[in-house]
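Protein chains in written order, with this note's numbering: chain H, 1 to 257; chain P, 1 to 330.
To be clear, the hints were calculated from the coordinates, so they are not data collected in a lab. Glycine residues also receive a C-beta, built at the ideal position from the N, C-alpha and C atoms. There could be a bad hint or two in this list.
Chain P is faced by these chain H residues, among others (derived, beta-carbon under 8 Å) [as the list claims (entries may be wrong)]:
| id | residue |
| --- | --- |
| 1 | L94 |
| 2 | L101 |
| 3 | Q122 |
| 4 | A169 |
Just a sample of chain P residues kept apart from chain H, beta carbon distances all over 10 Å, derived [said to hold, decoys possible]:
| id | residue |
| --- | --- |
| 5 | D24 |
| 6 | V78 |
| 7 | I230 |
| 8 | P270 |
| 9 | R280 |
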Amino acid sequence: MSALLELRHVTRTFGGLTAVGDVSFDVEQGSVVGLIGPNGAGKTTTFNLITGNYKVSRGTIAFEGRPIANRRTNRIVRLGIARTFQNIRLFQQLTAVENVLAGRHCRTGAGLVASLLWPPWQVREERAAVARARAELEFVGLGGRALDLAKNLAYGDQRRLEIARALAADPKLLVLDEPAGGMNEHETDELVGLIGRIRARGVTVLLIEHDMSLVMRACEKIVVLVYGEKVAEGPPEAIQRDPRVIEAYLGTEEGVA
Amino acid sequence: MSKRLLAGYALGAVALALAPRFLDAYQVDVLNSAGLYVLLALSLNLILGDAGLFNMGHAAFYAVGAYTAAILNTRFEVPILWALPASGAVAALFAVLVARPVIHLRGDYLLVVTIGLGEIVRIALVNDVGGYTGGSNGIFGIARPELFGAKIRKPQEFLFLIWGFVALTVFLFHRLERSRFGRALTYLREDPVAAEGSGIDTARYRLLAFGLGAAWAGMAGTLYASKMTIISPESFSFWESVQLFLMVILGGSGSIPGVIIGATIVVVMPEIFRDLASARMLFFGLVMMVMMIIRPQGLLPVRGLRFRKAHLAAPPPAPAASPAQAEVSP
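Chain H extracted, bound-state conformation (with noise of 0.2 Å):
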């Protein structure tokens, strides 16, 4: 049986540095996987090969059996895969509500001449597109926001609207990158709250993520990169204790786990 995404020695490197080299690991069906590694350690390059945003090296990646590696961005989403960013990049100067519409673009079909002319399945579809983008506020806990301006939201606020856009694609795996940065420790139950129930709806999750305790609660499996490799793999009990990790990663911040 072979799982929705399989990384099979990945390599990217940048001139002489490897940012990436030889990573391998599965995403389970149904599963919330984390990827951890101090900073620097190639998380995010490793996400960026998954959704296309960087070429890869060396190596194949596999979504649904079908390679994915090298295709462009577009077509990813398209595929199944939508992402958060590190960074958040939403479009700040437009409302909640379009920014969740961004996400319902590629399910969506009306091109130019019926955008210009509006025929009745446009309408019906436009109009679909919105009820389906609110619900996804709704499900985010934004239901009240839709009409403000992203930027006028609060920090994980927007954190939580990224993920809302993400979901209006209708993805069968959401890449969280770091969707705790920034958020006080409330905001961090509610988000593994909202990742257990984005489970529930039988998205797969595979996410980036500093907050040990948020690791440790919302994940099945933990893959661990240091300098680019892959040193671990495992349960979260299994990885808390593997002597590699502790002395790679955990050993330096005492308690936090």
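Fit chain P to the known structure of chain H by using the hints.
Same frame as chain H, now just chain P:
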């Protein structure tokens, strides 16, 4: 569209309809020329305002449309209004072909390339490439348009033709900006990386923005050719592109009513200050500078004009696709 905006358009339409009663032929002609520039500025607004692509060679597409119509009309005797879709299509095709290799360029780099493009087209026309464009003399003897058997000749007749086309354009473009296509352009302008990451084929939409903008500029070129009956390369100079750029920025990038006002001001203001003779351009330039300092977002910026409560329509959100919201915090 908000009620205030609708009222503004209605007021503008009434004022234009009554204009021939109060204005002389010259003044009506100024309004006609304003209408053409409104069309051109609205077409550039798709590229520059909505998609955020710096295009300072828009006169090239205008020229391609005008020359296509003029050649079709004078050589092949195609009625000028029949040439409208053809010139739009040729301009769009031209835009997509020349933009294809440079579309990935950002901001100021694209600006420089499009300036070059505008100059190449103008110089090609002067040099009578292919023997069709008539060199620096241009093409003359272009027929007046005919609508329902009536020939359109006088400025007040053109007023209705041109501003009628403006009204149609405004109607369609408002629909565009509030639909999937228009939003895709806006996402592209706001953050291309996030747009691509949300599943939008940004390369394709850049090209489509150029294609549609050029098609409209080409059709405006057709109207221009039929109004003037003579066209020459000097009508499509770099200065034209600069002015169009100015109209969009001055009025409010991405805002349809803003761009209409911006274009009208840029055309009409120098006429009003005609008494200042040679100093009028100086005065004009000064107003532009002051504008950019005190109101850089344009006269009627887009904020607050797009998505509003009425557009949410629908009953309160029923999260159909998602399970009922559970109480959070584990």
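- Query: In terms of Cβ atoms, is chain H entirely out of 10 Å range of I230/P?
  - Reply: Fine: 32 Å to the nearest Cβ keeps I230/P off the interface.
- Taking the minimum C-beta separation from R280/P to chain H, is that value above 10 Å? Label holds. Min Cβ-Cβ 36 Å, cutoff 10 Å.
- With 10 Å as the threshold, tell me whether P270/P passes as away from chain H on beta-carbon distances. Consistent with the label, P270/P stays out of reach of chain H, its closest Cβ about 33 Å off (over 10 Å).
- Query: Against chain P, is L94/H within 8 Å by beta-carbon distance?
  - Reply: L94/H check passes; min Cβ-Cβ to chain P is 6 Å, inside 8 Å.
- Message: Checking hints one by one. Is L101/H an interface residue toward chain P, by the C-beta closer than 8 Å rule?
- Response: With a minimum Cβ separation of about 6 Å from chain P (threshold 8 Å), the hint on L101/H holds.
- Item | Least C-beta distance from V78/P to chain H larger than 10 Å | Label holds. Min Cβ-Cβ 24 Å, cutoff 10 Å.
- Message: If I take the minimum Cβ distance from D24/P to any residue of chain H, is it greater than 10 Å?
- Response: holds, 37 Å
- Does the nearest C-beta of chain P fall within a distance shorter than 8 Å of the C-beta of A169/H? This hint holds: A169/H lies near chain P, its Cβ roughly 5 Å from the closest one there, short of 8 Å.
- Does the CB of Q122/H sit less than 8 Å away from some CB of chain P? Nearest chain P Cβ about 7 Å off; hint holds.
The structure shown violates none of the earlier numbered hints.
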